[in-house]
Amino acid sequence: MALDFLQVSQQVKQMGETALQHQADQKTRLAETRAMLEGCAAEIEQLQHKVQDVVRNYDQTLRCAVPVNEVMNSNHPLPPMLEHVTLIAADGSQIFADRHAEVEYCLVNTGAIVMMCGSADAPVTSIRSRLIYAEELEGMSDDRLSLQRDLAERTRLLELATGAPAPVITLTDGPLELWTTTLEEGRVAGEFKKSLDQYLAVLSQLKDLNVVTAGYVDKPGADLVVRLLEVAKAEAGDLAEMRKFRPFKGVTDRELFKDVLQPGERSAIFNIQSRSSKSYQGELGLHFFYLNVGKVEHPYLARVEVPAWVAQDRAMLDSLHAVLVSQCRMIGPRAYPYLLHRAHETAVVSLEEKDQVTTMIVNELRTRGLEVAGVSAKQYNKDVSGTRTRYGT
Amino acid sequence: MTQYEIGRLLRAGTTGFVVGCRAAQIDAPSFGALVRVSLDGDYQVYGLIHDIHIDDDGLVRQLVTAEGVDEAVIADNRVNRNVPLELSVLTVGFQLDGKISHLLPPRPPLSLDVIYLCSAEEVRQFTGSGRFGYFRHLLRAEDLPVGELLAAHIQQAAAAHAIAGDVEWKNAATQELITLLRDDYSTLMSVLGALGDAS
Chain A
1 MALDFLQVSQ QVKQMGETAL QHQADQKTRL AETRAMLEGC AAEIEQLQHK
51 VQDVVRNYDQ TLRCAVPVNE VMNSNHPLPP MLEHVTLIAA DGSQIFADRH
101 AEVEYCLVNT GAIVMMCGSA DAPVTSIRSR LIYAEELEGM SDDRLSLQRD
151 LAERTRLLEL ATGAPAPVIT LTDGPLELWT TTLEEGRVAG EFKKSLDQYL
201 AVLSQLKDLN VVTAGYVDKP GADLVVRLLE VAKAEAGDLA EMRKFRPFKG
251 VTDRELFKDV LQPGERSAIF NIQSRSSKSY QGELGLHFFY LNVGKVEHPY
301 LARVEVPAWV AQDRAMLDSL HAVLVSQCRM IGPRAYPYLL HRAHETAVVS
351 LEEKDQVTTM IVNELRTRGL EVAGVSAKQY NKDVSGTRTR YGT
Chain B
1 MTQYEIGRLL RAGTTGFVVG CRAAQIDAPS FGALVRVSLD GDYQVYGLIH
51 DIHIDDDGLV RQLVTAEGVD EAVIADNRVN RNVPLELSVL TVGFQLDGKI
101 SHLLPPRPPL SLDVIYLCSA EEVRQFTGSG RFGYFRHLLR AEDLPVGELL
151 AAHIQQAAAA HAIAGDVEWK NAATQELITL LRDDYSTLMS VLGALGDAS
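Each protein sequence line maps, in turn, to chains A and B. Just so we're aligned, residue 1 is where the first sequence starts under the working numbering, counting upward by one. Just so we're aligned, residue 1 is where the second sequence starts under the working numbering, counting upward by one.
Bear in mind the hints are in silico, worked out from the structure with no lab data behind them. Please read these numbers as outputs of a predicted model, since none were measured by experiment. Note that the Cβ used here is the ideal one computed from N, Cα and C, for glycine as well. Just so you know, not all the hints are guaranteed correct.
Stated by the list, open to error - Among chain A residues calculated to face chain B with C-beta under 10 Å, some are:
hint: 1; residue: V103
hint: 2; residue: L107
hint: 3; residue: G118
hint: 4; residue: S119
hint: 5; residue: A120
hint: 6; residue: P123
hint: 7; residue: T125
hint: 8; residue: S326
hint: 9; residue: R329
hint: 10; residue: H341
As the list claims (entries may be wrong) - Pulled from the structure, derived: some chain B residues nowhere near chain A, Cβ distances all over 12 Å:
hint: 11; residue: H53
hint: 12; residue: I54
hint: 13; residue: E71
hint: 14; residue: A72
hint: 15; residue: P84
hint: 16; residue: Q125
hint: 17; residue: K170
hint: 18; residue: S190
hint: 19; residue: G193
Unchecked claim - Label pairs and their in silico Cβ distance ranges:
hint: 20; chain 1: A; residue 1: Y133; chain 2: B; residue 2: E5; range: 35 to 41 Å
hint: 21; chain 1: B; residue 1: G58; chain 2: A; residue 2: G118; range: 26 to 32 Å
hint: 22; chain 1: B; residue 1: H53; chain 2: A; residue 2: Q281; range: 31 to 37 Å
hint: 23; chain 1: B; residue 1: D56; chain 2: A; residue 2: Q48; range: 48 to 54 Å
Using the sequences plus the hints, can you model the full thing?
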């Protein structure tokens with residue numbers, strides 16, 4: 001037994017005690033945040049200018065929502081579903097390089113699925129697997145590989161959307177904005193820039209094809225609108241310390257909109273203000289809305305990210321809105337777009353499959369008389385003591 | 001001759017084997033049907049389907065709770081998803097060098113061997129060969145619904161023989177069962193009851 005359950009149970013008890021107080025504080029903050037939203041919901045232009053002012057003069061790193069043209073606490077009912085829509089979802093998974101393994105390699109696997117909504121035909125699935133080895137492996141961090149995976153997903157969507165019967169909607173899981181932790185700085189910044197340029201080119205081509213494209217964020221933890229409300233609340237004296245000015249800290253957008261949106265309704269459209277979102281200009285500008293895909297007794301909110309060409313086209317927005325709610329209702333009580341789940345199922349690489357790929361590579365190298373490094377002593381000892389199911393190591 | 005492929009072998013033993021197939025293939029095989037596996041050369045193993053097992057998984061369990069399942073979703077789960085149906089087969093004989101035997105085969109079929117549904121002609125050849133020796137494999141299988149399995153098999157085989165003008169096969173098969181089960185009254189009654197229901 002690796003855990004000292006006595007110690008943990010005492011800490012769990014303390015956690016429960018503090019959670020009570022925390023919950024009470026959160027309730028108060030949430031009520032204040034909601035009041036703020038009610039109070040400034042229609043102050044669209046003032047808030048746009050105030051955000052610009054903060055970014056220009058006080059905090060260039062400010063990450064928040066910016067209202068576009070809809071009243072911020074408005075709710076938009078579920079529009080009717082189009083009779084025929086081509087819906088395409090893609091998801092990726094990967095095998096990260098492991099220097100302790102027998103051989104070092106990476107793999108990016110992209111699963112995609114195309115469904116003709118309005119038809120009883122079975123959707124069509126496809127998989128693209130790309131092995132990364134030798135020189136390509138140089139400097140391949142987990143972040144870089146994740147970036148390759150994200151890029152492969154979007155490229156696959158473009159391939160499938162080209163020539164598909166209109167109207168076409170493409171979906172990916174997660175934000176539309178490419179996100180990395182270390183790639184934006186240091187020696188690999190060039191690599192990120194290259195991938196970002198490729199990604200923006202793919203987005204532009206999707207726009208040229210008149211394709212609705214969206215990123216679906218399940219159980220979003222962001223506070224983009226809450227942060228906007230903090231900007232709204234800030235007095236002139238607070239602006240200089242905007243980074244530290246967090247009167248609604250801990251409140252999420254999901255909690256904020258939970259009681260605003262009825263089942264099937266979407267929120268107003270917001271723009272995203274962030275340092276990295278500057279790369280997405282004009283028709284590619286990043287926007288989002290919240291969508292209640294739950295039920296009356298159990299609201300469940302998702303954030304949907306869309307580029308400007310979708311956000312500015314009411315027909316596109318409505319078709320996306322209707323399709324997402326329909327997809328979420330297909331899967332049962334745990335609302336999530338059916339096709340995104342299937343794309344994930346199609347893409348996911350299991351541990352057994354990873355082992356099979358490793359064996360294939362080892363056999364190929366040995367057949368050709370090449371030396372295989374073998375597993376590290378650390379990995380070997382882990383394997384023989386049967387610790388592979390231990391969490392987090 | 002038209003060959004109707006119903007699936008591929010998942011696992012096997014000398015006395016039986018399990019076949020995996022996609023949901024789209026399920027309309028042909030039925031409980032009690034005679035199937036065959038072609039191995040090397042003229043070697044074939046015969047068996048009777050005694051169980052059709054449909055697996056679920058987390059997604060299917062969730063989908064059944066949805067309000068109205070979309071036709072495309074049903075088709076997706078039946079055509080694309082890796083949730084095979086399993087057909088359990090009781091081995092009842094084999095064919096080697098053109099000769100049918102109702103003994104257990106010398107070796108079982110192998111993983112991924114193709115399983116075919118027997119045509120009426122093949123059913124006549126197998127069931128008309130010898131003196132119903134394969135019945136003992138069914139009567140020995142205590143865990144199976146023997147009466148129902150025999151009734152389903154005899155009904156299907158009798159139909160195959162009737163097509164060729166042989167209406168006596170069913171009577172001969174029933175007489176053989178009465179002889180084999182003369183010391184086991186409860187099983188005999190169960191089998192005859194099932195046969196009566198089937199006729």
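Comparing the hints with the structure gives:
A distance limit of 10 Å between C-beta atoms decides the matter here; for A:V103 the minimum to chain B is near 28 Å, and the interface restraint is violated. Interface restraint check for A:L107: the shortest CB-CB distance to chain B comes to about 20 Å, outside 10 Å, so the restraint is violated. The beta carbon of A:G118 is positioned within 10 Å of a beta carbon in chain B (closest approach about 9 Å), and the interface hint is therefore held. Interface hint status for A:S119: upheld, as the beta-carbon distance to the closest one in chain B is roughly 6 Å, under 10 Å.
Hint status for A:A120: holds, given a least beta-carbon distance of 3 Å to chain B, under 10 Å. The beta carbon of A:P123 comes within 5 Å of a beta carbon in chain B, closer than 10 Å, and the hint placing it at the interface holds. Among the interface hints, the one on A:T125 holds; its C-beta lies about 5 Å from the nearest C-beta in chain B, closer than the 10 Å criterion. Because the closest C-beta pair between A:S326 and chain B is about 8 Å apart, less than 10 Å, the hint holds.
At its closest, the beta carbon of A:R329 sits 7 Å from a beta carbon of chain B; the interface hint therefore holds under the 10 Å criterion. Because the beta carbon of A:H341 sits about 7 Å from the nearest beta carbon in chain B, less than 10 Å, this interface hint is met. At roughly 22 Å from the closest C-beta of chain A, the C-beta of B:H53 stays outside 12 Å, upholding its exclusion from the interface. Every C-beta of chain A lies more than 12 Å from that of B:I54, the closest at about 18 Å, which supports listing it as non-interface.
Not every Cβ of chain A is farther than 12 Å from the Cβ of B:E71; the closest lies at roughly 3 Å, contradicting the non-interface assignment. The Cβ of B:A72 sits about 6 Å from the closest Cβ of chain A, inside the 12 Å cut-off, so the non-interface label is violated. Residue placement check: B:P84 keeps its beta carbon more than 12 Å from all beta carbons of chain A (closest about 15 Å). The Cβ of B:Q125 lies farther than 12 Å from every Cβ of chain A, with a closest approach of about 38 Å, so its non-interface assignment holds.
For B:K170, the condition that its CB be more than 12 Å from all CB atoms of chain A holds, with the nearest at approximately 41 Å. Against the 12 Å criterion, B:S190 stays outside the reach of chain A, whose nearest CB is about 42 Å from its own CB. With a minimum CB-CB distance of about 42 Å to chain A, B:G193 clears the 12 Å threshold, and the non-interface call stands. A:Y133 and B:E5 have their C-beta atoms about 38 Å apart, which keeps the hinted 35 to 41 Å range intact.
Remark: the range hint 26 to 32 Å for B:G58 to A:G118 is upheld by a beta-carbon distance near 27 Å. Separation of B:H53 from A:Q281 is about 57 Å and departs from the stated range, judged on CB atoms against 31 to 37 Å. Roughly 52 Å separates the CB atoms of B:D56 and A:Q48, a value that falls within the hinted 48 to 54 Å.
In the structure shown, a violation is registered for the earlier hints numbered 1, 2, 13, 14, 22, in ascending order.
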